[in-house]
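There are 2 protein chains.
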Amino acid sequence: MNLFSRSVLGKRIFKNGMHKAVALQASSKSSNPAMQFPCLDKMEELSEQLRNKHGTCSSVDATSSPNNEPNYGKVRSGFKLYKSNQPLFLDYGGVLPKFQIAYETWGNLNKDASNAVLIHTGLSASSHAKSSPDNSQPGWWEQFIGPGNAMLDTNRFFVICTNVLGGCYGSTGPSSPDPADNLPYATRFPMLSVQDIIRGQQRLVKEQFCIEKLYASVGCSMGGMQSLAYAQQFPQAVEKVVTVSACARSHPSSIAMRHAQRQVLMADQHWKRGFYYPSDEEPNRILPHVGMKLAREIATVTYRSGPEWESRFGTERLNEDIPPVLCPDFLIETYLDHQGEKFSLEYDPNSFLYLSKTMDLFDLSQSHQDRSNRRRAEAQRALEKSDVEDKPPRLCDEPYEATKKRRTTTVEEAREDLRKGMEPIIGKELLVVGVKSDGLFPYWQQREIVDLLGGDKNIEHVELDESQSLFGHDTFLLDLEHVGGSIGRFLKNDF
Amino acid sequence: MNLFSRSVLGKRIFKNGMHKAVALQASSKSSNPAMQFPCLDKMEELSEQLRNKHGTCSSVDATSSPNNEPNYGKVRSGFKLYKSNQPLFLDYGGVLPKFQIAYETWGNLNKDASNAVLIHTGLSASSHAKSSPDNSQPGWWEQFIGPGNAMLDTNRFFVICTNVLGGCYGSTGPSSPDPADNLPYATRFPMLSVQDIIRGQQRLVKEQFCIEKLYASVGCSMGGMQSLAYAQQFPQAVEKVVTVSACARSHPSSIAMRHAQRQVLMADQHWKRGFYYPSDEEPNRILPHVGMKLAREIATVTYRSGPEWESRFGTERLNEDIPPVLCPDFLIETYLDHQGEKFSLEYDPNSFLYLSKTMDLFDLSQSHQDRSNRRRAEAQRALEKSDVEDKPPRLCDEPYEATKKRRTTTVEEAREDLRKGMEPIIGKELLVVGVKSDGLFPYWQQREIVDLLGGDKNIEHVELDESQSLFGHDTFLLDLEHVGGSIGRFLKNDF
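Chains X and Z, in that order, give the protein sequences.
Under our numbering, the first sequence has 309 at position 309, and the numbering climbs by one with no breaks.
Under our numbering, the second sequence has 9 at position 9, and the numbering climbs by one with no breaks.
These are calculated hints, taken from the structure and not from any lab test.
This structure is a prediction, so every number in the text was calculated from the model and none was measured.
A hint or two may mislead.
Pairs involving identical chains hold if they fit within one copy or between any two copies, as the list cannot separate such chains.
[Said to hold, decoys possible] Derived pair list, reagent style DSS-like, types lysine-lysine, alpha-carbon separation capped at 30 Å:
no., residue 1, residue 2
1, 436, 405
2, 385, 29
3, 405, 42
4, 404, 342
5, 42, 404
6, 342, 405
7, 492, 342
8, 206, 83
9, 436, 492
10, 83, 29
11, 29, 98
Can you build the whole structure from these sequences, using the hints too?
Written out as structure tokens, the structure reads:
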């Protein structure tokens, strides 16, 4: 009965302690060969490399930065910094005592400062939307911006793009030093709302460039949340608004998918509740790169579409002649694995966690604004009175205890709340773009934006069907013709 | 600027080593309170409890079972065992030198053995579909089976349900001892196909009960794959076939979601490449319960539907008055968390990994069958010749290297291959049920089954729209009226 008396445990297996333990239990006799795990070998080797570099990796050069703060932004050179020493009070009651925003610009601001276009980015993008003399690397929207470009013509527009607050490409985020002790904020970073992010951007626009009114606010995905929030918060400070593959309020399905990403990342033993940045006491801490990779893989599932995968990968395996393995094996698996791996050392895991949650929390409802306004005012009063020592901690000790099992408002009440919150946007020139193959921000969410604004005649609604794009949520990064073209036509003017 | 000079690091934080390290880095001064992580505290406490119980948990009573094999099946009492000492040769070239299948029955087999209905289960179910004198606990299809029941009337039918091979509720699976050394197979377990599973069942049906022809083969989800495979492999041995929320071949989108679940589970430090079962050398090993919980959370995202969550949870948080946290916070998050937690100690993680992959691999194509037949024959020849010592290992050393980036067959070729493989099913009385709100096995996959069979007049196709069920893939567990009713009417006969 003993078909394989020779052990087929792989040659890598005796490399380190954990593998030895495995080998111990897997005796030399087995009815079938033991499975090999090259994907896990690779992750363990990477951890070891990172540890040997004293907790840093190529893109995270912690040792050379002050306060041991990892400097993800460093690898993205060529941006400028707007610094504010005035505190930013936040929608959930926190505060940034001071902050900075990384930004880049293309084109020139005209005399009356009327040709500025602010680009808001998605969760993981930097301010580098386009190459420039200061950074010749292609930007994430390289083909959509430039002199004479059909979408954003830099001969006519002054284009600004920022790294969002909470990010890790130069703007203040969880990897930045907390002014209170100069150590990284980590999970002492305050929770941000999308509205907080655009309030920071608005200071930059006004104080750095003396722009009273943007010609346009343009964003896709989380950026499309920002452009709507900009119009809601500063309706007088923006002429035209473009929102692509976004929504007026997050949906529980999207929250569920982002929840999974966050929990997976937080379960990485190297995450250490956010305090994974190397310090003098703990020089060998390493990034939770496995958790980050897995989180990105789950995210990637939501970025493209089933029909694209069917035509590209189908259900083919790398090699039909060998038995199936639990490491990446189907083509679709190797694609996800590669996407996760690419990202895992490129982005600060804490930034990912915070901004992912910020997206979940996005809600243009009136009640949401009212609560936010109250909390910001409280945070400001607290700072002025300086009596915070006596304030009870504002964190629930056991938020985990789920005593509330169902929603307490009806779907209709919540919708009316949302409609009311969006009233400031009514009358704005607004372009709403949706993509039928997008499962993360499904097309009905863009239709809902239009409906909630009462089908305003100033609204232009473009919906790309499956014959136009199978690229799902990622369409805005790829589709120059339909997305770029629609935006270009909408922004047409007589500068 | 120092708003919160009093540290608000939670009281649990000094409990163990890891927490101390966290506290070390989070100094006593911070601009905002540090976030708390009750969900992580809870997981760490559970790990400690499991360690103190010497690697076992309430449902995994390893110490009392022979060979230190955890006995998930033990808590599911009342089943019988079919044991085969004849090897089962497998589609991917492996072998089970001997095996057992746990099963339960309800009703009585009639004289000519013509009234047997075989129920095939989904991935995680046991043989306990219905309560019985031997086990009074409600079964997973409790309301769908019983004397006079509209779906499966046990006064008329002899109902059999098995735990699938690869499972952990009594049938041979990765937690079972490998006869070669009496240690748990772990990841030395051979990969199974759905066809392998039903071949095992067919031996039980024939050898244990002398049933030459089943009256019906009935299954949902992975069970619906099995009933189709049964009809394909043994068209003469089954009269009627019911397949609910299943497909003829897995889709890359479903593979992507299951891939994520597997990778997350395998990343758990306690998984140890499958060798987490406590042994004499390693008595303190514990289940990778965190990875299992996270995998189940991701799976749960695919089991229900967005509209259900919208009406049940919306975007409400547990408590709007406290700042958002990264632990479960939205109602939808607490739901997913609870679902994951419930499952995390109830199921063998290796069984989950293997059967998840088995679902990915499901494919009724002709080419798939041809390859499988060849490999099974090879495995058998190898056993007979006993020359396996000289065989090179059949595992690819580096399956990770993705050199093949795109599919090599066209969508049309693959469809024709599938159509051909399904020819043996043509002419069978077949009920195909699909659910419009199911995102995991979308309704077009059930329509495809019907189309591939040439729209055979013996096929009955039922499609539940959103007004009938918003329960998504889980509908088959819940919908007595539409699912149960349709099956009951289809099985009507004159016994």
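Tested hints:
no.	hint	verdict
1	436 <-> 405	between (32 Å within a copy, 26 Å between copies)
2	385 <-> 29	between (73 Å within a copy, 18 Å between copies)
3	405 <-> 42	between (42 Å within a copy, 20 Å between copies)
4	404 <-> 342	between (39 Å within a copy, 18 Å between copies)
5	42 <-> 404	between (43 Å within a copy, 19 Å between copies)
6	342 <-> 405	between (39 Å within a copy, 16 Å between copies)
7	492 <-> 342	neither (37 Å within a copy, 56 Å between copies)
8	206 <-> 83	within (13 Å within a copy, 78 Å between copies)
9	436 <-> 492	within (26 Å within a copy, 42 Å between copies)
10	83 <-> 29	between (65 Å within a copy, 23 Å between copies)
11	29 <-> 98	between (64 Å within a copy, 16 Å between copies)
The structure fails to meet hint 7 from the earlier list, while all remaining hints are met.
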